[in-house]
Amino acid sequence: MSVRRKAAAVAAVGIAPLALTALSTAPASAHGSMGDPVSRVSQCFAEGPENPRTAACKAVVAAAGTQALYDWNGIRIGNADGRHQQLIPDGKLCSANDPTFRGLDLARSDWPTTGVKAGSYTFKYRVTAPHRGTFKVYLTKPGFNPSKALAWGDLDLAKPVATVTNPTASGGYYTFRGTLPQRSGQHVLYAVWQRSDSPEAFYSCSDVAFGGASGGGSGSTPAPTASAPSQEQIDAGNDKSTVENHGHGDHDPQTTSDATVAGEAGDAGDAGAGGGEDTSSGNEPKAAEAASAEPVRDGGSGSGSGSGENLAETGGDSNTALIAVGGAAALALGSAALFASARRRATTGSRTGG
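So the mapping is simple: the working numbering equals the position in the sequence shown, first residue as 1, plus 297.
Hints listed in this document are in silico derivations from the structure and should not be mistaken for laboratory results. Built from N, CA and C at the ideal position, the CB exists for glycine as well. Errors might be hidden in some of the hints.
[Stated by the list, open to error] Simulated restraints on C-beta separations: (1) 536 x 450: 39 to 45 Å; (2) 448 x 528: 31 to 37 Å; (3) 348 x 438: 31 to 37 Å; (4) 414 x 444: 19 to 25 Å; (5) 479 x 450: 18 to 24 Å; (6) 383 x 360: 23 to 29 Å; (7) 417 x 467: 17 to 23 Å; (8) 347 x 396: 18 to 24 Å; (9) 468 x 444: 33 to 39 Å.
[Unchecked claim] The calculated DSS-like cross-link candidates involving lysine-lysine, where the alpha carbons are at most 30 Å apart (straight line), are: (10) 414 x 456; (11) 355 x 537; (12) 456 x 421; (13) 421 x 537; (14) 389 x 421; (15) 389 x 414; (16) 421 x 445; (17) 438 x 355; (18) 445 x 456.
Produce the complete structure using the sequences and hints provided.
Now the structure itself:
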């Protein structure tokens with residue numbers, strides 16, 4: 298083999314491992330859903346996708362099948378970037394306008410509820426892959442009618458009942474405190490988790506009954522009490538889940554920064570929250586797909602394309618590609634130097650031999 302071909306082979310061998318390393322070390326995508334108060338999708342998954350026991354969860358399966366329940370931690374929009382109201386129409390909040398989860402938008406007063414009361418409340422968000430970002434939890438306004446589909450106007454967007462940035466995950470949960478105002482009867486808590494290392498956001502609806510007892514519409518049978526899925530149920534359902542990187546909850550994920558919490562309703566930093574708000578900590582990269590109004594789902598559906606879509610799916614940021622390119626460039630330069638050195642040696646040897 299000639300000196301030139303040897304140098305080219307060395308360059309190819311050097312660059313290939315770096316490319317594989319860059320792909321294999323890309324951060325995992327985040328996933329999760331509210332665990333306390335129990336979200337609708339978590340409740341129905343806990344009942345068992347194939348044979349749910351409550352009328353509401355049976356209706357979910359009848360509307361969209363069982364896969365939505367196996368994918369309980371995947372109600373998301375990959376290119377949300379804070380544009381929640383723009384991307385999710387009224388009546389589609391619980392599904393995040395994803396047809397896969399359309400059964401969760403059903404207007405019913407018999408959704409299983411978690412009993413709550415006004416005052417301090419500890420929220421527990423079940424996470425299967427941790428990431429930096431901001432959680433905001435909104436409560437429906439006084440007089441909310443649970444028999445009507447949830448609309449943005451039903452939520453008190455100006456006063457989140459809980460706001461937290463970069464909480465630490467422990468035991469498979471993000472745990473943070475908030476404050477519930479005075480309410481009576483059945484209401485909905487709407488949680489938005491907007492990542493700051495990607496435009497991706499996650500959504501969940503939790504049905505609650507103020508006064509500590511399960512609710513139900515006026516004159517109706519009280520709604521059943523909600524219960525979250527166990528780790529055993531989550532593990533058992535992983536094989537049927539289509540959500541990427543599921544099943545990380547048992548690894549006790551940790552974030553690297555302390556939480557910033559604003560749990561009191563009416564916090565100054567939350568005024569005007571919701572809709573097109575930027576719910577992140579302020580340091581997120583702007584992906585190329587963020588200009589598109591069509592949400593990007595798992596599997597790359599939607600109009601987003603290019604590097605922005607990949608960032609939303611993998612949880613990587615703009616540095617991921619730069620690191621790979623920079624490393625490849627460094628290896629290419631090293632290979633060029635090796636080639637030049639080998640060529641000089643070959644030339645010198647030829648002259649000496651002549």
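Going down the list of hints, with the structure as the test:
As the Cβ distance of residue 536 to residue 450 is approximately 41 Å, the hint placing it in 39 to 45 Å holds. Taken as a hint, the range 31 to 37 Å holds for the pair residue 448 and residue 528, whose Cβ atoms sit roughly 35 Å apart. The hinted window of 31 to 37 Å between residue 348 and residue 438 holds, with their beta carbons roughly 36 Å apart. Judged by the Cβ atoms, the range 19 to 25 Å given for residue 414 and residue 444 holds: they are separated by roughly 23 Å.
Here the CB-CB span from residue 479 to residue 450 is close to 20 Å, well matched to the stated 18 to 24 Å. About 25 Å separates the C-beta atoms of residue 383 and residue 360, a value consistent with the hinted range of 23 to 29 Å. At roughly 19 Å, the beta carbons of residue 417 and residue 467 sit within the given window of 17 to 23 Å. A beta carbon spacing of about 21 Å between residue 347 and residue 396 agrees with the range 18 to 24 Å that was offered as a hint.
Evaluation of the 33 to 39 Å hint for residue 468 and residue 444 yields a pass: the beta carbon distance comes to about 36 Å. The hinted pair formed by residue 414 and residue 456 meets the criterion: a straight-line CA distance of about 17 Å does not exceed 30 Å. In summary, the hint linking residue 355 to residue 537 is supported, as the alpha carbons are separated by about 19 Å, within the 30 Å threshold. Of the supplied pair hints, the one linking residue 456 and residue 421 holds, its CA atoms being roughly 20 Å apart against a limit of 30 Å.
Between residue 421 and residue 537 the alpha-carbon distance is near 25 Å, which keeps this suggested pair within the 30 Å criterion. With a CA separation close to 23 Å, the supplied pair residue 389 and residue 421 stays within the 30 Å bound. Restraint check for residue 389 and residue 414: the C-alpha separation of about 27 Å stays at or below 30 Å, so the hint holds. Proximity of residue 421 to residue 445 is assessed by CA-CA distance (about 27 Å); at most 30 Å being required, the pair is judged to hold.
In summary, the hint linking residue 438 to residue 355 is supported, as the alpha carbons are separated by about 28 Å, within the 30 Å threshold. About 22 Å separates the Cα atoms of residue 445 and residue 456, which keeps this hinted pair within 30 Å; it holds.
The structure meets every hint from the earlier list without exception.
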